[in-house]
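Q: The lines below spell out each chain.
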Amino acid sequence: MNITTIGVIGSGTMGAGIAQLSAQQGFQVVLYDLNQEILTQSLTIIFKRLDRLVEKQKISDVSCTAMKESIRTTTVIADLNECQVIIEAAPEKIEIKRDIFKQLEEHCSPETIFATNTSSLSVTEIGSHVESPSRVAGMHFFNPAPLMPLVELVKGIQTSQETIDILKELATSLHKSPVICEDTPGFIVNRVARPYYNEALRVMKDQIASVEQVDNIMKKAGKFKMGPFELQDLIGIDVNFATTKTVHGSFFNESRFRPHYYQERMVQSGRLGRKAKGGFYSYES
Amino acid sequence: MSLNLMILGDNHLSEVLTDKFSEIEDVQVIDSTSPLESNIDVVIETTNLDIEKKKQQLQSVERHVSASTLILTTVLGVTATEAASWLETQERLVGFATFSNLDDIDLIEITPALQTKAASVDHAKEVFARIDKETEEVEDGVGLVFPRILAMIVNESAFALAEGTASAKDIDIAMKQGTNYPLGPLEWAEKIGIDDVYAILVGLNRDLGEERYRPAPLLKKLVLAGWTGETAGQGFYSFQNRGEKEKVR
Numbered sequence: 001m002n003i004t005t006i007g008v009i010g011s012g013t014m015g016a017g018i019a020q021l022s023a024q025q026g027f028q029v030v031l032y033d034l035n036q037e038i039l040t041q042s043l044t045i046i047f048k049r050l051d052r053l054v055e056k057q058k059i060s061d062v063s064c065t066a067m068k069e070s071i072r073t074t075t076v077i078a079d080l081n082e083c084q085v086i087i088e089a090a091p092e093k094i095e096i097k098r099d100i101f102k103q104l105e106e107h108c109s110p111e112t113i114f115a116t117n118t119s120s121l122s123v124t125e126i127g128s129h130v131e132s133p134s135r136v137a138g139m140h141f142f143n144p145a146p147l148m149p150l151v152e153l154v155k156g157i158q159t160s161q162e163t164i165d166i167l168k169e170l171a172t173s174l175h176k177s178p179v180i181c182e183d184t185p186g187f188i189v190n191r192v193a194r195p196y197y198n199e200a201l202r203v204m205k206d207q208i209a210s211v212e213q214v215d216n217i218m219k220k221a222g223k224f225k226m227g228p229f230e231l232q233d234l235i236g237i238d239v240n241f242a243t244t245k246t247v248h249g250s251f252f253n254e255s256r257f258r259p260h261y262y263q264e265r266m267v268q269s270g271r272l273g274r275k276a277k278g279g280f281y282s283y284e285s
Numbered sequence: 286m287s288l289n290l291m292i293l294g295d296n297h298l299s300e301v302l303t304d305k306f307s308e309i310e311d312v313q314v315i316d317s318t319s320p321l322e323s324n325i326d327v328v329i330e331t332t333n334l335d336i337e338k339k340k341q342q343l344q345s346v347e348r349h350v351s352a353s354t355l356i357l358t359t360v361l362g363v364t365a366t367e368a369a370s371w372l373e374t375q376e377r378l379v380g381f382a383t384f385s386n387l388d389d390i391d392l393i394e395i396t397p398a399l400q401t402k403a404a405s406v407d408h409a410k411e412v413f414a415r416i417d418k419e420t421e422e423v424e425d426g427v428g429l430v431f432p433r434i435l436a437m438i439v440n441e442s443a444f445a446l447a448e449g450t451a452s453a454k455d456i457d458i459a460m461k462q463g464t465n466y467p468l469g470p471l472e473w474a475e476k477i478g479i480d481d482v483y484a485i486l487v488g489l490n491r492d493l494g495e496e497r498y499r500p501a502p503l504l505k506k507l508v509l510a511g512w513t514g515e516t517a518g519q520g521f522y523s524f525q526n527r528g529e530k531e532k533v534r
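Protein chains in written order, with the numbering used here: chain A, 1 to 285; chain B, 286 to 534.
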C-alpha cells in the first residue's frame, strides 16, 4: 500500500504529537477534532515546535514551511476519506471510539487501515464494532510521540497479518521501532513496567527502604535512568494509578497487579507529582 | 589493613568476587578447599536457590572460624534474620544482595539481621569499599530492593513471553525504547542468571506467602533445564527459538 495521507483523530497531546511526527516525515496529514478551537490551539502548538526545530537548526526554513502546509485540520469526519491510514487518538472511552470507527467506515474505502492509539482498551473490542475488523489494529505511541522511538502494534483477534505488515512499514517510515504484540491487558510496556512501581511502593511502605533510598539504589545498582518514585512524579501519580487499576481489572484481579493502597492515598491527597508541584518529592522552586 | 577472606558458593557471583578481591593488595582470598584453621577475617557465602545447602554451608564454616569472623551472606532467597538464626554467633552476620555483573553495578545493598550488631554492619561496608562499591543499608527482606524489583519485572516478562504476547526480542526492545530501561528484562536476566531471579521469587513466595510472588512456570523450567542464561549458553532466547535452526543471536 502506498501511504501518502495519514488521518489523525483527536488533537489532544497524543493526536497533535502523531500529526506533527507524520508531517515531519513527509506525509500529508488530516487532523480531525470535533472542536475547531482545540484544533486551532493544537496547530499553534505544533507550529511552535516546528519553529523551534528551525531555531535549533534541526530542519530548514523551507522544510518547516512544507511541514506546516502538509497539515490540514477539519471538523468534518468525511474529510478523512482520502487517507490510507487513520490513527485514532480520541479519549479512552469505548463508546467514543466505537462511534468514530462506525462513522469512518461509511466514508472511507474498504482498504483504509484503522489504527487506534489506545493504551488501555481492547483492540479486539474496538474492532468488533466495525464491519471488517481485519483492518483494525492498535498503534500505540508513547508520549511525547515525536520523540519516543517505540510503537506497539497490537494484533486484535480478528486483525489481519496484512494490516500489521502495513502498519509496521508505516512505523518504520516514521522512524519508529515497531514491536508486535497480542491484544493483552497493558500490551507490553504498561504491563511489564507495573512491578517497577508496585514493588517499589511495597518495599517503601514495608519500611525496607525510603523513597530516596529506593530511587538511589535503582539508579546506582540497576542503572535505571530514573527511580520508580521520581518516574511516578513525572508521569503523574494519578495517571500511573489509573493504568495500574486498568491492568489489574483487565487481568481479572490477578494479585501480581494489585495496586498498593498508598498509591490511592497519594491521589486522594492531590500530591500528583510534578504537575501538582509535588508528589513523592517536593518541587517548590 | 590486611584481610583474609574466604568465598563460599559454586556460582558465578563467587567467581566474580574471587577475581575482584584477588586483585587487591592486602587481601588474601583463601581457597575454600584449603584447611580452615587459618585466620579468616571475613566469610562471603553466596548460595541462593538451595536453602538447605546454604544452611549447611554456613553452619559448617562457622565451626571452623573464630566467633569474631564477619559472615556476609546473600539474601536473594532468605532474609538475613533467617540465615543468622542458623548460626551459634548470630550478631556477626550481615546480609547483602547483588548480582554477578558487578562491573555494571556501583552500589551493593546490605542489611543487618535483627540479631546483627552495628559493628558488623560497619565492617561489611569496609569490605565492599575495598572493591570500590558503595553500600546502602536497608531493612531486612528477601531480595532487598533492586534484586526484588528486577526479579518481579523479569517474572512479568517471562509470563508475557510464555503466553505468546510478544517475542523475547520485542519485549526487550519495548522496555528499552518505550520506557528507557537500561537493558531489556529478558537479556538482563540472561546476563545475571535466570537461577538467581528464580531464587528471589521462590524466596519471596516462601517468606511472604503471597500469590503475587509466584514464579512464572517458564522460569522454573529454564532453571531445571540448566538454561540459566549467558554462562549456560542458553536462556529465554534459545527457548523461544528452540524449534528453529538459527538462534536470534
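Errors might be hidden in some of the hints.
Said to hold, decoys possible - Ranges between beta-carbon positions, derived for each pair: (1) B/N490 - A/G249: 22 to 32 Å; (2) A/E55 - B/K506: 15 to 25 Å; (3) B/A404 - A/S210: 21 to 31 Å; (4) A/F47 - B/N386: 31 to 41 Å; (5) A/E212 - B/R348: 40 to 50 Å; (6) B/E419 - A/V54: 37 to 47 Å; (7) B/D295 - A/Y283: 47 to 57 Å.
No wet-lab data here; the hints were simulated from the structure. Bear in mind that the values here come from a model prediction, so they are computed numbers and not experimental data. Even glycine gets a Cβ: it sits at the ideal position worked out from N, Cα and C.
Q: Tell me the hint numbers this structure goes against, listed in increasing order.
A: The structure conflicts with hints 2 and 4, although it agrees with all the remaining ones.
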